[in-house]
Amino acid sequence: MADHSAFAFEPAFLARLERLRLLTRRVPAGGFKGEHRATHLGAGIEFADYRPYVEGDDVRHLDWRAYMRFDRLLLRMFEEHGDLAVYILLDCSRSMAPTPGDAGRRKFDAARRIAAALTYIALATLDRVTLAPWSSHAHQVLGPLHGSRQVWRALDFLANLDTGGDTRLDHAVRQVFAAGRRRGLVILISDLLSDTTEDGLDLLLPLRHDVAVLQVTDHQDLEAPLDRDTTLVDSETGDTLRVHGAPTLLHKLESEADTHRDEIRARCTARGWSFIQAPVEMRFEELALGALRRGLLSRGR
Amino acid sequence: MPVWLPLLLAALAVLAIYLIRPTAQTLSVASTLLWRRLLAARRKRHDRLRWLLSLLLAMTVAGCLALAAGQAPWLQPGGGDLIALAFDSSPTMRAALPGGAGTRMELAIAEARRTIAEADSGSRFTLGADPTPLTSAEALLALSGAVEPEAVEADLEPAIPSGDAAYLFTDGISDWRPITDPATETRTVSVLAPARNAGIVLFVTRPAPSHEAKPEALLEVLATDSADASSPLRTELTVADSETIRIRRQLELPPGDRFTALIDIAGFAPGPVVARLQTPGDVFPLDDRATLIAAQTAGPARVARPKSERVLFVQTRSRATFDDSAVARAFEADPSVKIVAVHSETDETRGGTATGTPAVTPGDRDSSPEPVLADVAVFHRTAPAGLTATTRGPGSSAMTAEAPSWMPSLFLDPPEALPAGGLSPAEAGFQGQRRINRIDADHPILAGVSLLGLPATIPARELDFRCRPLAAAGDLTAIAVCDPADPASQSASSPFDPALPHLEARSVVIAFDLDLSPLSQRPDLAALLQNATEWLTAGNTVAAAERAGGLRDAVNLQEAANLQEAINLQEEWATRINDSNLDPVPPGRSAELTRDTRRPWSWRALALAGLLLASIEAITFFRGLTV
Numbered sequence: 001m002a003d004h005s006a007f008a009f010e011p012a013f014l015a016r017l018e019r020l021r022l023l024t025r026r027v028p029a030g031g032f033k034g035e036h037r038a039t040h041l042g043a044g045i046e047f048a049d050y051r052p053y054v055e056g057d058d059v060r061h062l063d064w065r066a067y068m069r070f071d072r073l074l075l076r077m078f079e080e081h082g083d084l085a086v087y088i089l090l091d092c093s094r095s096m097a098p099t100p101g102d103a104g105r106r107k108f109d110a111a112r113r114i115a116a117a118l119t120y121i122a123l124a125t126l127d128r129v130t131l132a133p134w135s136s137h138a139h140q141v142l143g144p145l146h147g148s149r150q151v152w153r154a155l156d157f158l159a160n161l162d163t164g165g166d167t168r169l170d171h172a173v174r175q176v177f178a179a180g181r182r183r184g185l186v187i188l189i190s191d192l193l194s195d196t197t198e199d200g201l202d203l204l205l206p207l208r209h210d211v212a213v214l215q216v217t218d219h220q221d222l223e224a225p226l227d228r229d230t231t232l233v234d235s236e237t238g239d240t241l242r243v244h245g246a247p248t249l250l251h252k253l254e255s256e257a258d259t260h261r262d263e264i265r266a267r268c269t270a271r272g273w274s275f276i277q278a279p280v281e282m283r284f285e286e287l288a289l290g291a292l293r294r295g296l297l298s299r300g301r
Numbered sequence: 001m002p003v004w005l006p007l008l009l010a011a012l013a014v015l016a017i018y019l020i021r022p023t024a025q026t027l028s029v030a031s032t033l034l035w036r037r038l039l040a041a042r043r044k045r046h047d048r049l050r051w052l053l054s055l056l057l058a059m060t061v062a063g064c065l066a067l068a069a070g071q072a073p074w075l076q077p078g079g080g081d082l083i084a085l086a087f088d089s090s091p092t093m094r095a096a097l098p099g100g101a102g103t104r105m106e107l108a109i110a111e112a113r114r115t116i117a118e119a120d121s122g123s124r125f126t127l128g129a130d131p132t133p134l135t136s137a138e139a140l141l142a143l144s145g146a147v148e149p150e151a152v153e154a155d156l157e158p159a160i161p162s163g164d165a166a167y168l169f170t171d172g173i174s175d176w177r178p179i180t181d182p183a184t185e186t187r188t189v190s191v192l193a194p195a196r197n198a199g200i201v202l203f204v205t206r207p208a209p210s211h212e213a214k215p216e217a218l219l220e221v222l223a224t225d226s227a228d229a230s231s232p233l234r235t236e237l238t239v240a241d242s243e244t245i246r247i248r249r250q251l252e253l254p255p256g257d258r259f260t261a262l263i264d265i266a267g268f269a270p271g272p273v274v275a276r277l278q279t280p281g282d283v284f285p286l287d288d289r290a291t292l293i294a295a296q297t298a299g300p301a302r303v304a305r306p307k308s309e310r311v312l313f314v315q316t317r318s319r320a321t322f323d324d325s326a327v328a329r330a331f332e333a334d335p336s337v338k339i340v341a342v343h344s345e346t347d348e349t350r351g352g353t354a355t356g357t358p359a360v361t362p363g364d365r366d367s368s369p370e371p372v373l374a375d376v377a378v379f380h381r382t383a384p385a386g387l388t389a390t391t392r393g394p395g396s397s398a399m400t401a402e403a404p405s406w407m408p409s410l411f412l413d414p415p416e417a418l419p420a421g422g423l424s425p426a427e428a429g430f431q432g433q434r435r436i437n438r439i440d441a442d443h444p445i446l447a448g449v450s451l452l453g454l455p456a457t458i459p460a461r462e463l464d465f466r467c468r469p470l471a472a473a474g475d476l477t478a479i480a481v482c483d484p485a486d487p488a489s490q491s492a493s494s495p496f497d498p499a500l501p502h503l504e505a506r507s508v509v510i511a512f513d514l515d516l517s518p519l520s521q522r523p524d525l526a527a528l529l530q531n532a533t534e535w536l537t538a539g540n541t542v543a544a545a546e547r548a549g550g551l552r553d554a555v556n557l558q559e560a561a562n563l564q565e566a567i568n569l570q571e572e573w574a575t576r577i578n579d580s581n582l583d584p585v586p587p588g589r590s591a592e593l594t595r596d597t598r599r600p601w602s603w604r605a606l607a608l609a610g611l612l613l614a615s616i617e618a619i620t621f622f623r624g625l626t627v
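These protein sequence lines map, in sequence, to chains A and B.
If you're matching positions, the first sequence starts at 1 in our numbering and goes up one per residue.
If you're matching positions, the second sequence starts at 1 in our numbering and goes up one per residue.
No lab work stands behind these hints: they were computed from the structure.
Every residue gets a Cβ at the ideal spot worked out from N, C-alpha and C, and that includes glycine.
Now the in silico label distances, taken between C-beta atoms and shown as ranges:
no., chain 1, residue 1, chain 2, residue 2, range
1, A, THR269, B, ALA40, 19 to 27 Å
2, A, PRO11, B, ALA40, 49 to 57 Å
3, A, THR248, B, LEU608, 34 to 42 Å
4, A, GLN175, B, LEU12, 51 to 59 Å
Residues from chain B shown here face chain A by an in silico Cβ test under 8 Å; the list is partial:
no., residue
5, ALA24
6, GLN25
7, THR26
8, SER28
9, VAL29
10, ALA30
11, SER31
12, THR32
13, LEU33
14, TRP35
15, ARG36
16, ARG37
17, LEU38
18, LEU39
Modelling step: build the complete structure from the supplied sequences, incorporating the hints.
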């Protein structure tokens with residue numbers, strides 16, 4: 001069994017997780033019973049609404065009392081509860097752990113904790129979870145997982161992941177969704193430090209998934225001990241970049257990071273997607289609070 | 001200093017600059033995405049311009065440094081003094097300094113360099129009678145070239161260009177009196193370094209008072225020594241005719257003393273009479289040898305001439321080809337050689353030089369060739385008519401001149417169809433490039449000449465057994481000599497060519513094309529030709545001409561007088577190499593003299609180095625190799 005120390009959630013924390021559930025604005029009907037209300041009406045037990053009868057509808061759903069009162073054929077609609085397909089795309093590129101040691105893996109560890117927590121929540125609410133790690137390409141996919149018994153399997157899978165390669169979200173999206181997967185909720189967990197991020201997000205748009213983007217950030221990326229003249233080496237590609245007067249540029253670098261984040265946030269907002277910044281220092285409770293505000297999570301049951 | 005040394009030093013300097021620079025810190029970051037976005041925005045505004053300006057400044061500084069260090073003429077400040085530098089070109093400037101550190105002329109050049117170095121910045125200089133003003137760098141460069149006394153015509157009254165100052169470098173021996181502008185401040189720099197010398201100051205013949213038909217020679221030797229010398233000057237006098245040494249005598253002469261001898265030369269062999277002095281520590285070899293040429297028709301005007309001068313008559317296939325050849329350049333480089341006539345088969349122009357010697361270049365086949373008054377006949381890619389009457393091909397039928405049979409001959413790359421210098425006509429189809437693998441290193445012609453391993457295209461010829469091969473590639477003879485005095489040549493005529501005339505004079509044949517040989521690129525060629533002409537004239541040929549009667553009709557009294565005038569017998573003052581009214585140079589100064597062959601930095605070389613520096617700077621700058 002893999003080392004789960006990185007995801008050693010306390011029972012109280014797990015209990016709080018169990019009270020949460022993933023929320024999506026466009027819930028496709030699932031093949032299994034779940035706790036998500038479907039956007040279409042069908043064979044549920046909770047009455048939802050009436051609609052006019054059209055030829056071909058099941059006459060068993062006709063409300064004859066309403067017909068007697070209004071002299072119109074109305075069809076009774078019930079909410080249908082189904083499972084939600086959740087795709088967690090976890091960035092495993094080199095930039096998530098640019099230097100050896102625990103300090104250099106903070107973004108990756110934080111990303112795995114978030115993925116583990118979201119997986120726990122989804123499985124607890126009977127959603128179908130697919131874990132898709134990626135870097136320059138899509139790695140081995142785990143899932144879809146269904147049922148809370150699959151939690152340990154998911155944690156094992158996350159614990160065994162490692163970083164490597166450069167960030168090619170466009171390649172990963174093409175490969176993960178090449179098989180025509182069910183529409184669902186796509187949760188992208190990444191530092192988004194790549195030119196291909198926007199291309200990858202654009203590829204998700206025609207698939208009509210609901211998308212939540214979680215940007216994992218580390219202040220160390222913006223607080224490097226730069227000398228006056230520094231040659232920066234990209235941890236993913238090995239490309240070098242000569243920087244003169246680097247110390248004076250650090251505050252401008254923070255502004256550039258904000259600009260970069262705002263550009264992606266604006267793109268997500270324009271598409272009705274969620275964008276959540278997840279600094280590595282942030283506890284999951286605070287993250288969950290932010291997620292609650294942005295509609296990714298909801299308090300259930 | 002070799003040319004590559006400054007370039008190597010410049011390269012080492014550039015390397016040192018590169019190595020001692022602090023290198024940029026290298027830092028691994030998660031991604032350079034944000035940095036690239038940031039820098040792209042900045043570069044659009046400022047950085048590109050700043051980098052270009054920085055590079056422009058660096059290149060400008062490097063260029064200025066290079067040009068300033070190289071003393072480019074157009075960067076030097078003007079307005080300095082115009083200084084004339086003039087060098088005594090009289091023969092005594094060839095006298096060696098005590099200790100053998102150099103000659104007086106080399107000392108004069110060293111003093112001139114010192115004068116240039118100590119002159120004010122911006123000064124201009126003229127050299128000799130040339131009025132062209134030079135910068136200090138150009139003047140130093142010119143002085144590092146061939147300013148040698150033997151290369152300068154002895155002009156006793158050169159007109160020195162007007163200027164602010166004139167420096168006259170002389171030993172004060174001769175009547176060298178440059179004409180200078182009275183307004184020019186003239187300074188005489190002495191290069192007089194007293195040393196011992198013994199020289200022949202007179203060597204003439206006259207009819208003996210008792211018997212007018214029996215000539216006698218008058219010989220005078222003058223001893224010169226430095227004032228502080230106490231011991232007499234010891235020298236050995238030898239007098240030889242064309243066959244053997246007739247007189248050998250040891251002399252002890254106090255400084256300034258004169259030895260006079262009357263020599264009965266009636267019993268001498270016909271030919272030149274050579275007097276030679278061998279003096280330990282002698283610094284002036286020019287007056288150590290004298291040759292008396294017996295020209296009976298010239299009456300009492302027998303001629304003494306320095307042995308070092310040899311007169312050549314050149315016959316070539318094409319004058320233009322000869323003028324451009326390595327052979328011509330080698331002869332030009334030999335100051336002891338004077339070419340009095342060049343005759344070609346194709347040119348109608350008559351050659352000759354203004355030496356007083358009759359220029360003999362008949363161009364008309366039907367006209368009788370005039371006799372040639374020269375020491376050596378040089379046949380360049382051709383052969384004499386006397387040898388080729390029966391064997392020459394149609395291509396050479398235009399050749400009309402021929403050398404007298406008594407004249408030594410030097411054959412250079414003779415036509416393959418013709419015999420020359422003891423070599424038979426070449427066998428058709430047998431030639432190829434070989435490497436010379438056998439030489440007669442003891443022969444004086446090959447003294448100081450390196451021929452082993454030299455590639456040469458040599459026709460296959462047979463060598464007359466009376467002659468000796470000096471260099472050969474396998475069985476192919478590359479260089480051969482024929483000497484009538486050699487006992488081997490006293491035998492019968494050549495077995496392969498009965499028409500070959502009897503050997504009357506020495507001959508040397510170089511049987512391959514010198515222009516196509518690597519030898520033309522080496523100083524060995526000049527040494528080889530110099531040795532050859534010296535060896536060929538070891539037995540005086542004019543005397544042989546007299547014996548054969550060939551010269552009797554050609555030389556009259558006037559011509560002999562011209563000859564005497566032309567050969568420039570050393571005057572007695574030349575032997576008095578210490579007889580000067582100038583103060584001698586301090587002994588330490590002449591002792592410090594080493595042959596300074598350093599060439600000043602040329603501004604082109606430094607500009608090139610600066611360009612190299614700037615290029616490397618640009619490359620490292622853009623490639624991010626250094627700060």
